[in-house]
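So the chains spell out like this:
There are 2 protein chains.
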Amino acid sequence: MLQPVYVLGGGQTKFGELWDFSLADLIRSAVDGAIAATKILPTDIDAVVIGNMLGGETAEQAHLGTFCSSLLPHHPPALRVEAACASGGIAIHTACALLESNRAETVLVIGAEKLTDVAGELVTSALMHAADAEKDGPSGLTFPGIFALTATAYMHKYNLSRDDLSLVSALSHKAAVKNPYAQFRKEIPAASISRSPLVADPLRLLDCSPITDGAAALILSTKHESGVRLAASQIGTEALSLTDRASITSFTSTKTAFANALSEAGWKRNDIDAIELHDCFSIASLIHLEDMGFAPEGEAIQLYKQGDTDIDGACPINTSGGLKACGHPIGATGVKQVLDCFKQLTKQAPNQVQNAKRVLAHNLGGVGATCTIHLLESI
Amino acid sequence: MLQPVYVLGGGQTKFGELWDFSLADLIRSAVDGAIAATKILPTDIDAVVIGNMLGGETAEQAHLGTFCSSLLPHHPPALRVEAACASGGIAIHTACALLESNRAETVLVIGAEKLTDVAGELVTSALMHAADAEKDGPSGLTFPGIFALTATAYMHKYNLSRDDLSLVSALSHKAAVKNPYAQFRKEIPAASISRSPLVADPLRLLDCSPITDGAAALILSTKHESGVRLAASQIGTEALSLTDRASITSFTSTKTAFANALSEAGWKRNDIDAIELHDCFSIASLIHLEDMGFAPEGEAIQLYKQGDTDIDGACPINTSGGLKACGHPIGATGVKQVLDCFKQLTKQAPNQVQNAKRVLAHNLGGVGATCTIHLLESI
Numbered sequence: 028m029l030q031p032v033y034v035l036g037g038g039q040t041k042f043g044e045l046w047d048f049s050l051a052d053l054i055r056s057a058v059d060g061a062i063a064a065t066k067i068l069p070t071d072i073d074a075v076v077i078g079n080m081l082g083g084e085t086a087e088q089a090h091l092g093t094f095c096s097s098l099l100p101h102h103p104p105a106l107r108v109e110a111a112c113a114s115g116g117i118a119i120h121t122a123c124a125l126l127e128s129n130r131a132e133t134v135l136v137i138g139a140e141k142l143t144d145v146a147g148e149l150v151t152s153a154l155m156h157a158a159d160a161e162k163d164g165p166s167g168l169t170f171p172g173i174f175a176l177t178a179t180a181y182m183h184k185y186n187l188s189r190d191d192l193s194l195v196s197a198l199s200h201k202a203a204v205k206n207p208y209a210q211f212r213k214e215i216p217a218a219s220i221s222r223s224p225l226v227a228d229p230l231r232l233l234d235c236s237p238i239t240d241g242a243a244a245l246i247l248s249t250k251h252e253s254g255v256r257l258a259a260s261q262i263g264t265e266a267l268s269l270t271d272r273a274s275i276t277s278f279t280s281t282k283t284a285f286a287n288a289l290s291e292a293g294w295k296r297n298d299i300d301a302i303e304l305h306d307c308f309s310i311a312s313l314i315h316l317e318d319m320g321f322a323p324e325g326e327a328i329q330l331y332k333q334g335d336t337d338i339d340g341a342c343p344i345n346t347s348g349g350l351k352a353c354g355h356p357i358g359a360t361g362v363k364q365v366l367d368c369f370k371q372l373t374k375q376a377p378n379q380v381q382n383a384k385r386v387l388a389h390n391l392g393g394v395g396a397t398c399t400i401h402l403l404e405s406i
Numbered sequence: 028m029l030q031p032v033y034v035l036g037g038g039q040t041k042f043g044e045l046w047d048f049s050l051a052d053l054i055r056s057a058v059d060g061a062i063a064a065t066k067i068l069p070t071d072i073d074a075v076v077i078g079n080m081l082g083g084e085t086a087e088q089a090h091l092g093t094f095c096s097s098l099l100p101h102h103p104p105a106l107r108v109e110a111a112c113a114s115g116g117i118a119i120h121t122a123c124a125l126l127e128s129n130r131a132e133t134v135l136v137i138g139a140e141k142l143t144d145v146a147g148e149l150v151t152s153a154l155m156h157a158a159d160a161e162k163d164g165p166s167g168l169t170f171p172g173i174f175a176l177t178a179t180a181y182m183h184k185y186n187l188s189r190d191d192l193s194l195v196s197a198l199s200h201k202a203a204v205k206n207p208y209a210q211f212r213k214e215i216p217a218a219s220i221s222r223s224p225l226v227a228d229p230l231r232l233l234d235c236s237p238i239t240d241g242a243a244a245l246i247l248s249t250k251h252e253s254g255v256r257l258a259a260s261q262i263g264t265e266a267l268s269l270t271d272r273a274s275i276t277s278f279t280s281t282k283t284a285f286a287n288a289l290s291e292a293g294w295k296r297n298d299i300d301a302i303e304l305h306d307c308f309s310i311a312s313l314i315h316l317e318d319m320g321f322a323p324e325g326e327a328i329q330l331y332k333q334g335d336t337d338i339d340g341a342c343p344i345n346t347s348g349g350l351k352a353c354g355h356p357i358g359a360t361g362v363k364q365v366l367d368c369f370k371q372l373t374k375q376a377p378n379q380v381q382n383a384k385r386v387l388a389h390n391l392g393g394v395g396a397t398c399t400i401h402l403l404e405s406i
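Protein sequence lines, in the order shown, are assigned to chains A and B.
Using the numbering used here, the first residue of the first sequence is number 28, and each one after it goes up by one.
Using the numbering used here, the first residue of the second sequence is number 28, and each one after it goes up by one.
Heads up, some of the hints might be wrong.
When chains are identical, the list treats them as one kind, so a pair holds in a single copy or across two.
Claimed, not checked - Heads up, simulated SDA-like pairs for lysine to any residue below, C-alpha to C-alpha not over 20 Å straight-line: (1) K201 - S253; (2) K282 - V150; (3) K184 - A227; (4) K205 - L187; (5) K66 - P216; (6) K384 - L194; (7) K162 - R55; (8) K282 - P100; (9) K250 - M28; (10) K66 - G325; (11) K162 - S49; (12) K41 - L99; (13) K282 - P229; (14) K162 - F48; (15) K250 - L29; (16) K332 - L176; (17) K162 - L99; (18) K282 - L99; (19) K332 - I406; (20) K66 - R272; (21) K184 - A322.
Source of the hints: derived by calculation from the structure; they are not laboratory data.
Just so you know, these numbers come straight off a predicted model, no measurement behind them.
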């Protein structure tokens, strides 16, 4: 980073099917929470960035940057960014660029999505806009279908069993019991996950992150210091369409973003004490851990089986409950992940990792076409 | 600017009702044109930013940053930004931040929109997502209706006549005759504009910029130099909803962005040799010129009547043909404006202003809720 970017704090709404709240309500609540948590004045904020994918399609609201700026008395410069499910991570990256370029000293970063005011079919169709409209769209695939292709290929290639795959979602559900902001706060044993209704073979309902409303907000600053700083902010991309990939059991975007993030921070992989991982579908978690080198190809499931991913394991994963159990309000997820990393470093996490000093947020867009990696450290 | 940002060049598609081209086709064409115009290698590009408002609603394609990155062999980091009709200007601003922060040395900036593949009513509804969904949406207003409110207020307050208002669109149509990229290349006398069909009283068809497909692309660099640099890039915002404004005949966003841009560049207003102005509706041009102080309140029409806005006048406006005659493919407009400024400074403009050294691009989002100002100078 050209200069240190501090995380001052943040806030979030509960994630869930929030019938009583509009997109505007969710944003207001998260922004109020972030400002209250950090004790800065609203007028200290000199730029606003919001990550949102489907405001137009599901809430009749585009132009969300200026909507958010309108919540502040002095109307600072603002913009909306979008990269499908990585919109939140992209928002943080954009905020870093504004800060590092001296165009702002304190930035309000928001992620928000309101999905449950329209029919589920419309959400499913709109989410497919994250894939290539000309190459993938006409196939009739949905996102569960796309990730089912990766799961089928992965399970065949590496001989992964259905019951082993269920360990991934079980871990997130167990963690979320203690997280008051999570959509589902119930421990679900792996056996129940294996028996849940089939969505897109081999993926079952409890392999899939849900449709969720929610918002999260963070305040980043180069002017005001805190005990937590961003050590790296990186974007990786690869071909938007699965049809243009050499492999569908690995995402180059994660490999690129992670390698560049380690380089930017000057960290080694083993320096990382906890990970918020983009478990949009159970199979995705295994792919991500292998792409980042935490396990050899085809062997990430061993981390789950051996307890390495547990709260007291060598590599704790999704101590918040992840996308699977916290819910996945598309644009909000990447911001909420970094907020959870901040909580982990400031001893406010619902499941506290002992002596966590360096943590990672991994946010994915589409079927791995975009990845953002944020590394945070306590100082 | 933290360091000099050079405009290496750019390309654009023809603007119009381009039935034979998809959003993807338009983007590819503009990107190819920009790379060819600048002679850089595609692999010299280390970040991509696209401004687009309605890819999801009108072309079933979100995640456009990574779509654009997928066009390049090395898949650089990418993102989409949106701020309604100012999406293009916001894209350039974001590219500047990436460059000034040293996160990139050469950035491909794209603006694109494909509107004519869906019914006009759907486009009109989707464009209303640029207004406040809770405060403005339920009124049933469309954007021509919103600007008709400003026109009614302005004409009453300043005693502006219908025939005088028609001079604004007539100027843009006259200029576009020589612009091969313009949607409408026909001179239209003011008297015909005053008699065109009523859209939203007092605005008539020829007061309104059209529904347009198109894309434009620019390459900006801190590493590679050229004869044109950006002297300033600024965003101004104000309350998203008209109901929260002190005035509807002036846009604070323009005032803020313009004042900050002059300050950033170290220019005075009179240094500016030509302006690409966001004439989404005829009335808007008068408001913008007054907000930037080129005329006192209520008197901008005198600039048109006296010929000051002509190609050889004191303050040439929209020598490209503006939004009115070039067309207004939402996200593309702000990028195309800066491309036209670049052409003006490199003697490639369809209507060349003698000795133009310093030019301005003014891009607006919503009913003035967002404004971007870019200042370019030849060096």
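Now the hints, each set against the structure:
no., hint, verdict
1, K201 - S253, "neither (31 Å within a copy, 58 Å between copies)"
2, K282 - V150, "neither (29 Å within a copy, 39 Å between copies)"
3, K184 - A227, "within (19 Å within a copy, 62 Å between copies)"
4, K205 - L187, "neither (30 Å within a copy, 65 Å between copies)"
5, K66 - P216, "neither (41 Å within a copy, 59 Å between copies)"
6, K384 - L194, "neither (27 Å within a copy, 65 Å between copies)"
7, K162 - R55, "between (38 Å within a copy, 15 Å between copies)"
8, K282 - P100, "between (42 Å within a copy, 17 Å between copies)"
9, K250 - M28, "both (15 Å within a copy, 19 Å between copies)"
10, K66 - G325, "neither (46 Å within a copy, 44 Å between copies)"
11, K162 - S49, "between (34 Å within a copy, 13 Å between copies)"
12, K41 - L99, "neither (22 Å within a copy, 40 Å between copies)"
13, K282 - P229, "neither (26 Å within a copy, 57 Å between copies)"
14, K162 - F48, "between (36 Å within a copy, 15 Å between copies)"
15, K250 - L29, "both (14 Å within a copy, 17 Å between copies)"
16, K332 - L176, "neither (24 Å within a copy, 65 Å between copies)"
17, K162 - L99, "between (42 Å within a copy, 17 Å between copies)"
18, K282 - L99, "between (38 Å within a copy, 18 Å between copies)"
19, K332 - I406, "neither (33 Å within a copy, 64 Å between copies)"
20, K66 - R272, "neither (47 Å within a copy, 28 Å between copies)"
21, K184 - A322, "within (16 Å within a copy, 71 Å between copies)"
Going down the numbered hints, you'll see the structure goes against 1, 2, 4, 5, 6, 10, 12, 13, 16, 19, 20, while the others check out.
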